[in-house]
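Enquirer: First to last, the sequence lines map onto chains A and B.
Read in our numbering, the first sequence has 185 at position 185, and its numbers run on one by one without any break.
Read in our numbering, the second sequence has 9 at position 9, and its numbers run on one by one without any break.
Incorrect hints may appear among the rest.
Same chains, same label: a pair holds when it works inside one copy or across any pair of copies.
As the list claims (entries may be wrong) - Subject to a maximum C-alpha distance of 20 Å in a straight line, what follows is the list of computed SDA-like cross-link-like pairs (lysine to any residue): (1) K102 with R16; (2) K87 with V223; (3) K111 with G175; (4) K111 with E204; (5) K32 with R22.
Hints are computed from structural coordinates only; laboratory data are not their basis.
If you're wondering where the values come from, they're calculated on a predicted model, not measured in any experiment.
Number of protein chains: 2
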Amino acid sequence: MNLALLFDEDFIDENRARLTGRRLEHLRSILKTDAGESITVGRVNGNMGTGRVVRLTESEAELEISLSTPPPAPLPLTLVLAMPRPKMFRRVLQTCATLGVKDIWLINSYKVEKSFWQTPWLSDDNLRENLTLGLEQARDTTLPSVHIRKRFKPFVEDELPALLSGKHALVAHPGTDTPCPTHLNAPTALCIGPEGGFIPYEVEKLQEAGCQAVHLGARILRVETAVPVLVSRLFDASL
Amino acid sequence: MNLALLFDEDFIDENRARLTGRRLEHLRSILKTDAGESITVGRVNGNMGTGRVVRLTESEAELEISLSTPPPAPLPLTLVLAMPRPKMFRRVLQTCATLGVKDIWLINSYKVEKSFWQTPWLSDDNLRENLTLGLEQARDTTLPSVHIRKRFKPFVEDELPALLSGKHALVAHPGTDTPCPTHLNAPTALCIGPEGGFIPYEVEKLQEAGCQAVHLGARILRVETAVPVLVSRLFDASL
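One chain only, chain A, in its complex shape (with noise of 0.2 Å):
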């Protein structure tokens, strides 16, 4: 945690704010913050800046708040991604969030099996929770929009076009002959497939809605190292 987030139902009054649960956990033990001291917070979709402890219990923190840094700038990427494993959406939920992606499409796709969209990670709770860690992790305030799309068809007719319009729009497919382009540096829509890829078919109707289809050369990577890979390779200015 680099950066305390803070949201409306935290704060006591404009310039006051109560922490508790895991971010007092965190402040206790990890960072050892004594009262009098300051930490880095960011209210949520607004501005970075510290917060001095001026109270500390064993239930909560209360800070005296002063915010003035604007947040890092977000990624011009709308991602589009096939549902991942239970496990490692978590993880890729939280890597999109510390890398400044602002707009996540979940999708359907032949090879996304039924059980990945039970699992109790897409609560609206346990997505919050999940892209808090991931900004706190790299000091930014802009929660993502995570849109949830079960059907792959009706999405990719009927959506997908609109989402593409005035961007680049790449599907990253291994085993095609163009290479996926470098410092693009431009808004973009990229779309990441299943442990396995788009069947053939996908990729054709990913191909109608606008996406060009691009490698990433002979390695095949997991979804959760192909984002930040793609993301870095995309988008090396805003580094």
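Assemble the complex: chain A is given as a structure, and chain B must be docked to it using the hints.
Expert: Then chain B, alone, in the frame of chain A:
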């Protein structure tokens, strides 16, 4: 497992190998390969090709091996990594192997907890197993070397200068002025600190040895995210 990596002890003669344990389990329950069918295999530090299943029982699969494709090119990278937390270490090892990192130095640092060095993941068998998982994911056969150095100063003073010779030499250090270069695509040594970073004394020692301190932007990345981001940024031509 996009390739089954075969070791010398798996071969019963020049063109025959036996799979047991994890790889057999994967063959039977995930790939659902039948006798007569082929899977992708590779010989450790050798070529890749196919293994045709000539016999399949509960306890082993016998494969007829044909190898003719060289593995993907290694990255020209020497990675010097402050020993990560055990849980993260295992994933970082796998990710390094998947990305084509072949030369890994695990070093001590002020913020590396003593207990990290006690992890069973550092045993020869466990190192080999996790590197194998990474290679099998990527479809590669070249086993990385892992060097363990539990004392920072002797390593940095006595060994590091020779390791840096003829290479670009970088230490990833948040808060420094110089952004990390992009697409070097040339021999490089890269040092990555622990959670919380190298302390100023350590950065100075690394600089004295010849490393340039570079940053990755405003976001603070976990080591497991920083490795693919940096590799992708430095070696875009290898993809």
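Enquirer: For K102 vs R16, is the C-alpha pair at or below 20 Å within one copy, between two copies, both, or neither?
Expert: For K102 and R16, neither the intra-copy (28 Å) nor the inter-copy (51 Å) Cα distance is at most 20 Å.
Enquirer: One pair to classify: K32 and R22, alpha carbons no more than 20 Å apart. Within, between, both, or neither?
Expert: within (14 Å within a copy, 44 Å between copies)
Enquirer: Measure nothing new, just compare the shortest in-copy and cross-copy C-alpha distances for K111 and G175 to 20 Å and report within, between, both or neither.
Expert: Within one copy only: 17 Å inside a chain, 42 Å across chains, cut-off 20 Å.
Enquirer: Up to 20 Å between alpha-carbons, please classify K87 paired with V223: within, between, both or neither.
Expert: both (12 Å within a copy, 19 Å between copies)
Enquirer: Go through the copies and call it for K111 and E204: within, between, both or neither, with a Cα cutoff of 20 Å.
Expert: within (16 Å within a copy, 50 Å between copies)
Violated hints amount to a single one, hint 1; each of the other numbered hints is respected by the structure.
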